[in-house]
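In our numbering, the protein residues as written are 1 to 210.
Treat the hints as calculated values from the structure; they're not laboratory data. Cβ atoms here follow ideal geometry from the backbone N, Cα and C, with glycine treated the same way. Take the hints with a grain of salt, since some may be wrong.
[Said to hold, decoys possible] For each label pair, taking beta carbons as the anchor points, the in silico distance ranges come out as:
| hint | residue 1 | residue 2 | range |
| --- | --- | --- | --- |
| 1 | Thr-134 | Leu-2 | 33 to 41 angstroms |
| 2 | Leu-2 | Pro-170 | 21 to 29 angstroms |
| 3 | Pro-21 | Ala-85 | 27 to 35 angstroms |
| 4 | Arg-20 | Pro-119 | 37 to 45 angstroms |
| 5 | Arg-68 | Asp-171 | 33 to 41 angstroms |
| 6 | Gln-123 | Ala-167 | 14 to 22 angstroms |
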Amino acid sequence: GLVSVQDAGAQMAARLVDPRPGDRVLDACAAPGGKTGHLLELQPELSALVAVDSESARLQRVGENLARLGVGAELHAADAADADAWWDGQPFQRVLLDAPCTGSGVIRRHPDIKWLRRPGDAQALAATQARLLTALWPLLAPGGKLIYCTCSVMPAENEAVVGAFVAGTPDAATMALPGEWGVALRHGRQILPGQHGMDGFYYAGLVKTT
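Based on the provided sequences and hints, a complete structural model is requested.
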């Protein structure tokens, strides 16, 4: 139970969130819990870690993975965008939004995606991603940081979502992500499948200015 298997691209999430001692951290869309566990291992002195997922069966896997690692979190089976259903009103200093996506960045490990996805899926998921981002932003404390990520290579799910959100949200600004990896974009960085030996991932950092 001491070892977790996670792609190097997925491992970047917790380090980009960069939780500090005493922080309240939200892991939205948390299942199956690999990133949740990594956050808790990376910073064991959090004030709280809240993990939310819309599917109760998948959330159970989060609990099982955390128990295996000997760590704990506050778990909620709910739509993360419906904050009234689970949020206690205390703001978060860090938010990880690992948004639902087409999974186009992990086709090398899940080739069935090429047959299961439909032409309209990316746009439909982009609407869900935008809804989550908009709903979670008020939960972030002033000066707090939100990391938005997907395992997709589709611009419609990634830079387009973040760019539109920043353009329409006066207190949101993109932040530079540390290191030289992936492809630098105006908003965030894109790792292409196989680049650096990783799955395809997109990451963007947003800071709440006021």
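We went through each hint and held it up to the structure:
{"no.": "1", "hint": "Thr-134 with Leu-2: 33 to 41 angstroms", "in the structure": "39 angstroms, holds"}
{"no.": "2", "hint": "Leu-2 with Pro-170: 21 to 29 angstroms", "in the structure": "46 angstroms, violated"}
{"no.": "3", "hint": "Pro-21 with Ala-85: 27 to 35 angstroms", "in the structure": "29 angstroms, holds"}
{"no.": "4", "hint": "Arg-20 with Pro-119: 37 to 45 angstroms", "in the structure": "43 angstroms, holds"}
{"no.": "5", "hint": "Arg-68 with Asp-171: 33 to 41 angstroms", "in the structure": "39 angstroms, holds"}
{"no.": "6", "hint": "Gln-123 with Ala-167: 14 to 22 angstroms", "in the structure": "18 angstroms, holds"}
Going down the numbered hints, you'll see the structure goes against just number 2.
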